[in-house]
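From first to last, the protein sequence lines stand for chains A and B.
For what it's worth, UniProt numbering labels the leading residue of the first sequence as 1, then goes sequentially.
For what it's worth, UniProt numbering labels the leading residue of the second sequence as 1, then goes sequentially.
Hints are computed from structural coordinates only; laboratory data are not their basis.
Careful: at least some of the hints might be erroneous.
Because identical chains cannot be distinguished in the list, a pair is counted as satisfied if it fits within a single copy or across any two copies.
Here are the simulated lysine to aspartate or glutamate pairs, DMTMM-like style, with alpha carbons at most 20 angstroms apart [unchecked claim]:
1. Lys-344 to Asp-334
2. Lys-320 to Asp-310
3. Lys-35 to Asp-93
4. Lys-111 to Glu-14
5. Lys-408 to Asp-334
6. Lys-348 to Asp-237
7. Lys-35 to Glu-311
8. Lys-209 to Glu-271
Number of protein chains: 2
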Amino acid sequence: MENVQEYFRKNRDEHLRQLKEFLSIPSISSLSVHKEDVQKCAEWLADQCRSIGLENVRVFPTKGHPVVYADWLHAEGAPTVLIYGHYDVQPVDPLDLWETPPFEPVIRDEKIYARGSSDDKGQVFMHIKTLEALLETEGKLPVNVKLIIEGEEEIGSPHLPEFVEEHQQLLAADCLVISDTDMIAEGRPSICYGLRGLAGLQIDLTGPKKDLHSGQYGGGVQNPAHALSELIASFHDEKGRVAVEGFYDRVAEISEAERKALAALDLDEEEIRKELGVPELYGEEGYTYVERTSVRPTLEVNGMFSGFQDEGIKTVLPAKATAKITCRLVPDQDPEEILQLIEKHIEKHLPKGVTYQVTRFDKGEPFVTPLDHPAIQAAARAYEKVYKVPVTFTRSGGSIPIVATFHKLLNLPVVLMGFGLPSENVHSPNEHFHLENFDKGLLTLSIYWHELNNSLR
Amino acid sequence: MENVQEYFRKNRDEHLRQLKEFLSIPSISSLSVHKEDVQKCAEWLADQCRSIGLENVRVFPTKGHPVVYADWLHAEGAPTVLIYGHYDVQPVDPLDLWETPPFEPVIRDEKIYARGSSDDKGQVFMHIKTLEALLETEGKLPVNVKLIIEGEEEIGSPHLPEFVEEHQQLLAADCLVISDTDMIAEGRPSICYGLRGLAGLQIDLTGPKKDLHSGQYGGGVQNPAHALSELIASFHDEKGRVAVEGFYDRVAEISEAERKALAALDLDEEEIRKELGVPELYGEEGYTYVERTSVRPTLEVNGMFSGFQDEGIKTVLPAKATAKITCRLVPDQDPEEILQLIEKHIEKHLPKGVTYQVTRFDKGEPFVTPLDHPAIQAAARAYEKVYKVPVTFTRSGGSIPIVATFHKLLNLPVVLMGFGLPSENVHSPNEHFHLENFDKGLLTLSIYWHELNNSLR
Numbered sequence: 001m002e003n004v005q006e007y008f009r010k011n012r013d014e015h016l017r018q019l020k021e022f023l024s025i026p027s028i029s030s031l032s033v034h035k036e037d038v039q040k041c042a043e044w045l046a047d048q049c050r051s052i053g054l055e056n057v058r059v060f061p062t063k064g065h066p067v068v069y070a071d072w073l074h075a076e077g078a079p080t081v082l083i084y085g086h087y088d089v090q091p092v093d094p095l096d097l098w099e100t101p102p103f104e105p106v107i108r109d110e111k112i113y114a115r116g117s118s119d120d121k122g123q124v125f126m127h128i129k130t131l132e133a134l135l136e137t138e139g140k141l142p143v144n145v146k147l148i149i150e151g152e153e154e155i156g157s158p159h160l161p162e163f164v165e166e167h168q169q170l171l172a173a174d175c176l177v178i179s180d181t182d183m184i185a186e187g188r189p190s191i192c193y194g195l196r197g198l199a200g201l202q203i204d205l206t207g208p209k210k211d212l213h214s215g216q217y218g219g220g221v222q223n224p225a226h227a228l229s230e231l232i233a234s235f236h237d238e239k240g241r242v243a244v245e246g247f248y249d250r251v252a253e254i255s256e257a258e259r260k261a262l263a264a265l266d267l268d269e270e271e272i273r274k275e276l277g278v279p280e281l282y283g284e285e286g287y288t289y290v291e292r293t294s295v296r297p298t299l300e301v302n303g304m305f306s307g308f309q310d311e312g313i314k315t316v317l318p319a320k321a322t323a324k325i326t327c328r329l330v331p332d333q334d335p336e337e338i339l340q341l342i343e344k345h346i347e348k349h350l351p352k353g354v355t356y357q358v359t360r361f362d363k364g365e366p367f368v369t370p371l372d373h374p375a376i377q378a379a380a381r382a383y384e385k386v387y388k389v390p391v392t393f394t395r396s397g398g399s400i401p402i403v404a405t406f407h408k409l410l411n412l413p414v415v416l417m418g419f420g421l422p423s424e425n426v427h428s429p430n431e432h433f434h435l436e437n438f439d440k441g442l443l444t445l446s447i448y449w450h451e452l453n454n455s456l457r
Numbered sequence: 001m002e003n004v005q006e007y008f009r010k011n012r013d014e015h016l017r018q019l020k021e022f023l024s025i026p027s028i029s030s031l032s033v034h035k036e037d038v039q040k041c042a043e044w045l046a047d048q049c050r051s052i053g054l055e056n057v058r059v060f061p062t063k064g065h066p067v068v069y070a071d072w073l074h075a076e077g078a079p080t081v082l083i084y085g086h087y088d089v090q091p092v093d094p095l096d097l098w099e100t101p102p103f104e105p106v107i108r109d110e111k112i113y114a115r116g117s118s119d120d121k122g123q124v125f126m127h128i129k130t131l132e133a134l135l136e137t138e139g140k141l142p143v144n145v146k147l148i149i150e151g152e153e154e155i156g157s158p159h160l161p162e163f164v165e166e167h168q169q170l171l172a173a174d175c176l177v178i179s180d181t182d183m184i185a186e187g188r189p190s191i192c193y194g195l196r197g198l199a200g201l202q203i204d205l206t207g208p209k210k211d212l213h214s215g216q217y218g219g220g221v222q223n224p225a226h227a228l229s230e231l232i233a234s235f236h237d238e239k240g241r242v243a244v245e246g247f248y249d250r251v252a253e254i255s256e257a258e259r260k261a262l263a264a265l266d267l268d269e270e271e272i273r274k275e276l277g278v279p280e281l282y283g284e285e286g287y288t289y290v291e292r293t294s295v296r297p298t299l300e301v302n303g304m305f306s307g308f309q310d311e312g313i314k315t316v317l318p319a320k321a322t323a324k325i326t327c328r329l330v331p332d333q334d335p336e337e338i339l340q341l342i343e344k345h346i347e348k349h350l351p352k353g354v355t356y357q358v359t360r361f362d363k364g365e366p367f368v369t370p371l372d373h374p375a376i377q378a379a380a381r382a383y384e385k386v387y388k389v390p391v392t393f394t395r396s397g398g399s400i401p402i403v404a405t406f407h408k409l410l411n412l413p414v415v416l417m418g419f420g421l422p423s424e425n426v427h428s429p430n431e432h433f434h435l436e437n438f439d440k441g442l443l444t445l446s447i448y449w450h451e452l453n454n455s456l457r
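If we strip away everything but chain A, and leave its shape as in the complex, we get (with noise of 0.2 angstroms):
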């Protein structure tokens, strides 16, 4: 490792050149505005794929965003690693809320600030410099490796799954790792063995056909605001639990032994408090917060709107009413069924004078990996070779939808290894990812090879 160490030590400022290069390209994947934003982010990952010596290496189209893809595999006898990852980033807005631009990256405190810095281009940039640095100075990798990184991952990976059906040969592994998740605290290397998974939709309540003047047809018709209002409070009950009808009937109750595993997590509740700003924690009755933001489905609103919205005042009664909803998912609830639902509890909850329509956003079903297979096991011994303290096993609150795809498809064990830190303001302004974290993974990763191969072989 001593070679690799020193490789990475020597190229570090040309690294991070590159990094910049990558976090430079606004690849919003949800604006259409920004496609061949995205495009270009997708060859610019495919030329450092072949810079580095990576084989078969391919900007596959979809309907939607493309796909990289790129191989080496000459590790004969070893085990295969499929590695996933994501180029695409979230919008930017409120954009006057970034203390530098969210697309010219700079190193402040040893933290590279940009969007996508954290989630995920950094973390995809890692596995490249890593494979590179093993090729460069052991001239072979430990393992035989295929890197599938796609653009679409922040609009809920709408293409990928038929990609991954059309080309189950292409992608067959042993092993899928994926580094898109966060360390539990910073010095605390996480392994995360659980994802929620998602159901995304968008309510439109429509009344009158314009906006109406508040005084002189004011309390003569249905407010579409008052009307989406009470439709958002009618789905969580007085205890903080989703009122929507058959909503936790699939969710499988977390035993004994998870909870005191995640009781042994001992996060500070007042700590979190804190740090978040607000004046209460809060949440489904009977849970405890690791417990609401890890194993309990949740239904949020990500957005509302309806009328005036600019300084000062505007009277009138909009026409119109708009909710953004997301549900975080846990085994065993299905995204179909939570959808509808939801469209049953809207339908029978819809306030008199509207009317409505439901836009069905993206799916992804709960994922939960075996604690003790090997692959795991042999992260955490690649984790406290670097760290020097022993690993933490997570179950995130958070969705990375295509796994339960991959898992289904292509009947791999998943290990997520994610170096990303809660406090990076991923999905919000000012996004950094700490250097110390980009350092030691490199590290981390680099030997996980190594381990994966002894155990998995």
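Keeping the supplied structure of chain A fixed, place chain B upon it in accordance with the hints.
Chain B alone, transformed into the frame defined by chain A:
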């Protein structure tokens, strides 16, 4: 009257050209970016007053937008009329719904389209042209006239009360005439004898100090969009009544006679429903549509927003949620007290896990005038001579907050004779004004000043 009628006919094109000039000034009082336009509009109006022979023309600065004053006081022994109007207009969003730009007036199908064409520049302009016609054809006016045209009506006239209080001598008159209300329908001239009052406020709820990843944090903290929805839902009960404690305490119940008069308006609710495009009319149980929109108080959300509002989804748990609300009030509700009751309600019903801030907007007292006042009866005669049908007496759901102030400070009877139509998209895209009522209105006002001289002398 024949000379006057002939004058209007001969000068119609020139008058419409001038009106277009007036309407092309974007005097949006609520948006600070238009401050200079509002000033320019006041100057334009003052020039008009000078050019038709009014005297003592002044553009009075205020702490906000200016007040335009002008008079003609040579009708010895005749009563003095104070004419009030406003030259400011509402914002124009959503701009993409306008068929032609809001500040590029055009005439289509004998209607003039522009922001302010009906509310209230078009009607202010009619008053000026009426005075011009009488001065040009009869060499004098039948009554003494004082004009006060303000630039802050659409933001609740924040500085006019102070102005009126400081200029009681200047504004002293026998009667106040305002043309800023609607006719009840095409061909049905109406005199409005009551206006609802106004109380506006903005509620800002704050949860976490920044937008959070809804996967990582969802379920752990209160979502301000949920909290706002609950709060808004709590403002009404299941019978469509405002559920703010004490809200109805001072509401004067309408008499059977008044209910009968309102019923006699003979509005076709099914026709209204169709025109508004709603699946059903909705509002406070136990009252008809016309009662709910004129003699009953309301609480309406004019705008609300939280979190992500662009296309697609963004999986955030929003940091903030905002609602803009106005109440329409009826005698004897007090705007100040209503705002206090709402603030108490918010404090009491605030969901857990968020903090709130209330910003007060404008206030205006409700107002009702005796129907049998000679100034009102004179107006009815003037209308009937031109429109050849009996006048309808109405109470409007809208608010002209300054009316109560004038009444209180100057002790004046108020005559609300409006020439707008409810279908003219006031406060909405494609505002317009029917030229038929422009033409008939000019004649009606010309006759009214003579009738008023006979009644009040």
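We went through each hint and held it up to the structure:
no. : hint               : result
1   : Lys-344 to Asp-334 : within (15 angstroms within a copy, 43 angstroms between copies)
2   : Lys-320 to Asp-310 : both (16 angstroms within a copy, 15 angstroms between copies)
3   : Lys-35 to Asp-93   : within (17 angstroms within a copy, 28 angstroms between copies)
4   : Lys-111 to Glu-14  : within (16 angstroms within a copy, 68 angstroms between copies)
5   : Lys-408 to Asp-334 : within (14 angstroms within a copy, 65 angstroms between copies)
6   : Lys-348 to Asp-237 : both (16 angstroms within a copy, 18 angstroms between copies)
7   : Lys-35 to Glu-311  : between (32 angstroms within a copy, 14 angstroms between copies)
8   : Lys-209 to Glu-271 : between (49 angstroms within a copy, 14 angstroms between copies)
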